[in-house]
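Visitor: Here is what each chain is made of, one letter per residue.
There are 4 protein chains.
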Amino acid sequence: MKSNIKPAEGKLGILLPGLGAVATTLIAGVEAVKKGLAEPIGSLTQMGTIRLGKRTENRRPKVKDFVPLADLNDIVWGGWDVFEDNVYESAMNAKVLDAGLLNSVKDELQKIKPMKAAFDKNYAKNLTGTHVKTGTRYELAQQVIADIQNFKEANDLERVVLVWCGSTEIYYEASDVHTTLDKFEAGLKADDKLIAPSMIYAYAALKLGIPFANGAPNLTVDIPALIDLARETNTPIAGKDFKTGQTLMKTVLAPGLAARSLGVSGWFSTNILGNRDGLVLDDPDNFKTKEVSKLGVLEDIFKPEENPELYGDIYHKIRINYYPPHGDNKESWDNIDIFGWLGYKMQIKINFLCRDSILAAPIALDLALFSDFAKRAGMSGIQEWLSFYLKSPQTAPGLPAESDIFKQLIKLENTLRYLMGEDLITHLGLDYYEELVEAK
Amino acid sequence: MKSNIKPAEGKLGILLPGLGAVATTLIAGVEAVKKGLAEPIGSLTQMGTIRLGKRTENRRPKVKDFVPLADLNDIVWGGWDVFEDNVYESAMNAKVLDAGLLNSVKDELQKIKPMKAAFDKNYAKNLTGTHVKTGTRYELAQQVIADIQNFKEANDLERVVLVWCGSTEIYYEASDVHTTLDKFEAGLKADDKLIAPSMIYAYAALKLGIPFANGAPNLTVDIPALIDLARETNTPIAGKDFKTGQTLMKTVLAPGLAARSLGVSGWFSTNILGNRDGLVLDDPDNFKTKEVSKLGVLEDIFKPEENPELYGDIYHKIRINYYPPHGDNKESWDNIDIFGWLGYKMQIKINFLCRDSILAAPIALDLALFSDFAKRAGMSGIQEWLSFYLKSPQTAPGLPAESDIFKQLIKLENTLRYLMGEDLITHLGLDYYEELVEAK
Amino acid sequence: MKSNIKPAEGKLGILLPGLGAVATTLIAGVEAVKKGLAEPIGSLTQMGTIRLGKRTENRRPKVKDFVPLADLNDIVWGGWDVFEDNVYESAMNAKVLDAGLLNSVKDELQKIKPMKAAFDKNYAKNLTGTHVKTGTRYELAQQVIADIQNFKEANDLERVVLVWCGSTEIYYEASDVHTTLDKFEAGLKADDKLIAPSMIYAYAALKLGIPFANGAPNLTVDIPALIDLARETNTPIAGKDFKTGQTLMKTVLAPGLAARSLGVSGWFSTNILGNRDGLVLDDPDNFKTKEVSKLGVLEDIFKPEENPELYGDIYHKIRINYYPPHGDNKESWDNIDIFGWLGYKMQIKINFLCRDSILAAPIALDLALFSDFAKRAGMSGIQEWLSFYLKSPQTAPGLPAESDIFKQLIKLENTLRYLMGEDLITHLGLDYYEELVEAK
Amino acid sequence: MKSNIKPAEGKLGILLPGLGAVATTLIAGVEAVKKGLAEPIGSLTQMGTIRLGKRTENRRPKVKDFVPLADLNDIVWGGWDVFEDNVYESAMNAKVLDAGLLNSVKDELQKIKPMKAAFDKNYAKNLTGTHVKTGTRYELAQQVIADIQNFKEANDLERVVLVWCGSTEIYYEASDVHTTLDKFEAGLKADDKLIAPSMIYAYAALKLGIPFANGAPNLTVDIPALIDLARETNTPIAGKDFKTGQTLMKTVLAPGLAARSLGVSGWFSTNILGNRDGLVLDDPDNFKTKEVSKLGVLEDIFKPEENPELYGDIYHKIRINYYPPHGDNKESWDNIDIFGWLGYKMQIKINFLCRDSILAAPIALDLALFSDFAKRAGMSGIQEWLSFYLKSPQTAPGLPAESDIFKQLIKLENTLRYLMGEDLITHLGLDYYEELVEAK
Ligand SMILES: NC(=O)c1ccc[n+]([C@@H]2O[C@H](COP(=O)([O-])OP(=O)(O)OC[C@H]3O[C@@H](n4cnc5c(N)ncnc54)[C@H](O)[C@@H]3O)[C@@H](O)[C@H]2O)c1
Ligand SMILES: NC(=O)c1ccc[n+]([C@@H]2O[C@H](COP(=O)([O-])OP(=O)(O)OC[C@H]3O[C@@H](n4cnc5c(N)ncnc54)[C@H](O)[C@@H]3O)[C@@H](O)[C@H]2O)c1
Ligand SMILES: NC(=O)c1ccc[n+]([C@@H]2O[C@H](COP(=O)([O-])OP(=O)(O)OC[C@H]3O[C@@H](n4cnc5c(N)ncnc54)[C@H](O)[C@@H]3O)[C@@H](O)[C@H]2O)c1
Ligand SMILES: NC(=O)c1ccc[n+]([C@@H]2O[C@H](COP(=O)([O-])OP(=O)(O)OC[C@H]3O[C@@H](n4cnc5c(N)ncnc54)[C@H](O)[C@@H]3O)[C@@H](O)[C@H]2O)c1
Ligand code: NA
Ligand code: NA
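Residue numbers (UniProt numbering), protein chains in the order written: chain F, 1 to 440; chain H, 1 to 440; chain L, 1 to 440; chain A, 1 to 440.
Pulled out of the complex, with its shape left as it was, chain F reads as follows (with noise of 0.2 Å):
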């Protein structure tokens, strides 16, 4: 298997439609990495470690030595953006990260500067941006390779990687234009509509046969047309929306109640956030998409059809707060109402001071860097071993999505495993005691 990897030779362009608080955490922090100034802390491909073969091997490598990834240094930023903003100006402005930070960066960061967006207003009723293409959908998609392929030789790359970092889109769903290629195709030249900004951009990525992966919660690259088009160019497709901050929790959490069969009859799950994520958020039509992809997780998890007396009556509510006053610090409160032995009820509590640009940025690492790794090993198409990363990741047609963080964990790991030619894990780990089994 591993013969068949391509090696991470040259290269890699990283283009982000969107630079703002997540696309220039993320590039300021990397740029810090590099010169040394601080840790990628968050990144499971830079940080984590991966066992291999038995316990008793001791043979706990870090990802990044076990799995042939892009080095940091052979990185290239580029990206699209409806403000002018470059990227110390857009950071500065997201109040993410410290201003000595920043400063220590800022001429690696002023540097990039936004390519004009494929913008419609239609999608981000708050946003009022005017660094935008202008044309049909056709034409901005042509645009949209353009600047890809421009890029490309301008920085003399070998390989590029498209993240979508831009606003949540206001709620849609799929619908007839988005059903096949061809009137995928037939839609951009009819400028219709119902294709959204950042299909705009998954296409032109995928025509290109360059890997895209979508941190926001519409749908994207998650329609038939688009997935079929991945197939077709042999590329890999991955979404969507960063699991972070409150979904992150409950996905850890929910597995545990799970496991011990704890039932649970109320969810209630809300937070307070006021950055401009947070302001695009507050219009409801771009809250209805969010919601939608928050919701779901608990079903996923909790399968309440199979587990009806535990899982069968559960009320689950989120709320989302624009509150100026913590800026990117979103904070969180979840209340649980469980019930366990003869049902007798108890309650958790969660509340999370967290940071979400903070949680996504080392997410869109990942995911950049393990679809330029797909890519070279030849996978193409749905990449499921990266929902550990997706609050709502997409699945083969009829398959049920798992949000379980830790089946996810397992997927990915024995991925990587199945990959690279290691033995994968089963925690069964009999031998240990029984000298009855092979497995580990």
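Read the hints as simulated data drawn from the structure, not as lab findings. Computed from a prediction, not measured in an experiment: that's the story for all the values here.
Which copy is meant is left open, so a pair is good if it fits within one copy or across any two.
Pairs of lysine to aspartate or glutamate residues, derived as DMTMM-like cross-links and limited to a Cα-Cα distance of at most 20 Å, are as follows:
id, residue 1, residue 2
1, Lys303, Glu57
2, Lys189, Glu139
3, Lys62, Glu299
4, Lys207, Asp228
We have chain F; now place chains H, L and A with the ligands onto it with these hints.
Guide: What follows is chains H, L and A with the ligands alone, placed relative to chain F:
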């Protein structure tokens, strides 16, 4: 494999040293369940399901329908205590379950009267029970053996298991008398004070080939002498300390942080509880036993020596507070200081309004049923696959304990699959996408 | 002064428009107290003490022993509702009190059957009651007057008071028809839709010289027309909105911050509740009434225009969430962003697991008893000294409302002292040290 | 009255025994305020306003514009410590204020060097300072007197005050040597170990007629010998223990519960702190001093003997935990078990992310300024009106301490009004409604 497992025919005796809050909640609960008055929530064996085969097969039977476990209707209860109260009286004192519920099973509970305890007040200074056996430790052991045999005959039982539900004993470490069976038996005869009362029950059970599980944090069966005896008499053992409440949460949450390579600088855990268990733990010597049991889990999970940048400098503090107003409604607070991308700090605060014995009772039940099953499946010695239920699990010498509840769960499930002749689950699942592999 | 207060002789009728959770908790509770089954905790009139004279005098009688209030044994209950359920049935539905307790006063409660309501569904869209009067608003008022008179005669009552415990009405402001008594009475005859149902009860009571207190946030008696009528008929009025739960906490905590000149930049309040009140408030129009009532208190207390550096820029947000799993057990979270010395930031987080009607019932009782007392003491119109009990207290025109619960308490206590001929308390107390002054 | 108060002319020396976190935060802060870099938030003297006259007069000046206090620009700083660090170094160690802010007043801070301390290691075992005076207690007292006189002359000061900001001393109670001035002075000469170091400073100050306030929970000036000396030399004294953080909240919240006659069955308070103060308090003997100071407030406020049904059975527990990860960012949790109407239970949980020294510094400032004011106003001995600032306030013998912060505030405000010849406020306010009375 399946063919080798003896069926669960006839009656199963469950004997509990310590008929306090946990034990009476267990007994009253099972009796209520048998009458259709309540559900055994929180018990994996009774309520849990297990996935078999590929996801698309949709095979997800209840555990009890998959594995041949003793039926609840075949259970006969017994136990020992230093107080004379019958199970109804003791349950009323414990104030865990409503009087209404207890009265509905009053007849069944009143019949269960404790046998005299093998006790030594030095091991629990805050207890002043009088319902105790007399004699040297060796004589006590012989009396317990006789108790078990009489109980078995009197009730016409096919099989028996013991689960220690007695108070936490004061802190002690393994010493010379615990190292070999010979020394241990000599110690019994010499009435060596270093042999704890709980060990007397364990010795008696193992001598008879009867499985023994330990719900308290004291060593008990976790000493070479008794591990050897277990192997000799082909008897499964499991210990130690029911994993409930705050530690349960910890072993759910910590793996989630580790999965995402998020750093941890401090973890402060405090709780308040007002039951008899709390009173015993108010003595510093007994508290130490609990503390040691609770402290270990973070190291098991975070492996600081392998991940020094993330977990090399955790300040972990645990405080238990006796607080009568809450009775058995233990309540815990955790403050977790974490850091992410570039070292930026965040905090997670968890407040768990739990009910101690409500969480512990189904664990005691599962340990009893699975221990009995293990015996019938020909397994003996340490049952690492039961560490799912334990705060401080026993492992083979030299093998680090695994406290990550999700790895424990996979281990448990894959053990059941293995014993029942089903494929192990690896969560690889590439076959749904690539038709490349056979693995699931 | 004392000599002018009429004694509390004979029976007092307490009539409650709205026999829902609060009203039935009040009635059942008083009946249980009368039987010696429980204590009227939370009621200042019944449980509270009041200091008289100098500290060294050690005079601290119960309020009810100091002020001539009606005795609980002299109360006769009645009310109106849009549902036909008697008080026992309604209390069972409300699920505030245990069935056991309710059954112990079942006879008393079953006897109390609601009179038909003066109702207009436009004022509470989520309610579909059928037990309603018909006719123009003027005719409804005449029917309510007759109801009151019949009730008084039938029960041989000396005095009557009304306390509105009906659902929160949709948001409305005072309009022309509310400005004078003449216009109001013309409006009644013209069946003017701008006259809310609650106003019909208030008008009927005041016409008869019967005190009226308003436990809901709707204006009701807080309009010039009815304030004038109250002065005309020498009748005390008090409103509006029982001060319980989160707002109670707010008016306790905010004065503490203001006392210490600590700045506040944000205050986020959210709560979950699952009772019928919550269902009504789930309608945005009704929620608005509640929100307006709750929002004002911070301004009253912090006076941002006078303390702009500390309170000029508070972001205050209130969210109420209907969450059925908790029933009447309303639960609230407050996050308060404060700043201290040199602007350094701190946070206070409050989680209140409260019981809505348990907090409201004793307030309704005190308002009834004190309103009756005020009438006997010859006081009329707005009773500012009762603002202690109210979220959004009425004041004399041009006078800012005082929401600081401690100033409200001193006002209440000094009013009682004044009326009973005792010295006012100033807490000066220099005399203990300096022998300089007479003040206390 | 006003005419008797001496004006605040000339320079005021503030001398602080203990130049640690609180003291340096105070000094650095005032210097920053003087430069216009920050605001003295949290200081009632600097930021607070006071209502004068009737509400309709709208007179609400700043306290410092109403009362003749020393101007911040007239303050000269000095102090003693067992470590040699100057105030800049000590502030950097304390890590309370940002390095940026400290650097902007570096010159001012570096100049302030501690004088050698009067110290006895038995009173703070976790401290190993070397910058200490030698001699008997009497000699130490003479040296401190000389220090003060030299400081006054060298800086051309008009007046001086002392505020103890030293570490908490181990627990001790008043003994024979503390009962009279004669015995005390004999004890100094005999170098009696029962005389604590803090008493030496207090004695020196009072001998010179210099006000002394005590920010720590040790007795210090709260002994008959020094109270007598204060009266003799016409000197104000105030103590003890700055009221910040958790206790501040407690004396805000408890009066709110008492106001409403809500019962309390338990109050559990725990906190974590990681500064030097926390290290000293990690010693059980020093912790006891703090605990005693903190425990009293609930009794003061709830008066259980007078309200046995509500407060007769409170279980009050306080735990302080040294937790280095949080540094000076003390964080506290309170769980309050309350009961209302008919005994139904509710819970209040408070989580305060506070900053210890940020809360304490403005209190130290106010105590200094008000003590100086009191001296000029001819007041002497215990200043009960300053108990607003203190956890464990001194009172006249036989008078119970008043810990309700709102009563303390009225006392403080009415004292200022009284001294300045303004009407006392009673909040009666009937005049707005009834034209009946003159009271306000
Ligand atoms: N931060 C998190 O924790 C987190 C978690 C999950 C998902 N997300 C998602 O990630 C995305 C980015 O979040 P953020 O906090 O950086 O938001 P942000 O508002 O700071 O940045 C988004 C940027 O996208 C730009 N943009 C919008 N539409 C565009 C278009 N069509 N083309 C190019 N640029 C466009 C905006 O101008 C803005 O600068 C959002 O969709 C958010 O919901 C974030
Ligand atoms: N409840 C939980 O969540 C939980 C979790 C983990 C572990 N545990 C452990 O389970 C055990 C039982 O907990 P509990 O809440 O039921 O405590 P409990 O105090 O209510 O009951 C313990 C009983 O054991 C009896 N006992 C003590 N020594 C004995 C002896 N030598 N022989 C026979 N009886 C003896 C006591 O008299 C008492 O009745 C404790 O060790 C506790 O630490 C409980
Ligand atoms: N419980 C609290 O803590 C609290 C606090 C402040 C204010 N309040 C207010 O008190 C009121 C009562 O609260 P609740 O919890 O008892 O609500 P509830 O819904 O249980 O009871 C209200 C009752 O009023 C009846 N009603 C509505 N309109 C009526 C009309 N025109 N005439 C007669 N009956 C009418 C309804 O049918 C219902 O039975 C609400 O307005 C609520 O907002 C309650
Ligand atoms: N920060 C708060 O919120 C707060 C609240 C209430 C009370 N207090 C009390 O205020 C005091 C100061 O607190 P801190 O946080 O600044 O502590 P800190 O430990 O930072 O400073 C105390 C300083 O006093 C010095 N010291 C000890 N004994 C001395 C002596 N005999 N003479 C001269 N110096 C001496 C120590 O060397 C140290 O530098 C403590 O007693 C604390 O308990 C603080
Ligand atoms: Na293994
Ligand atoms: Na007034």
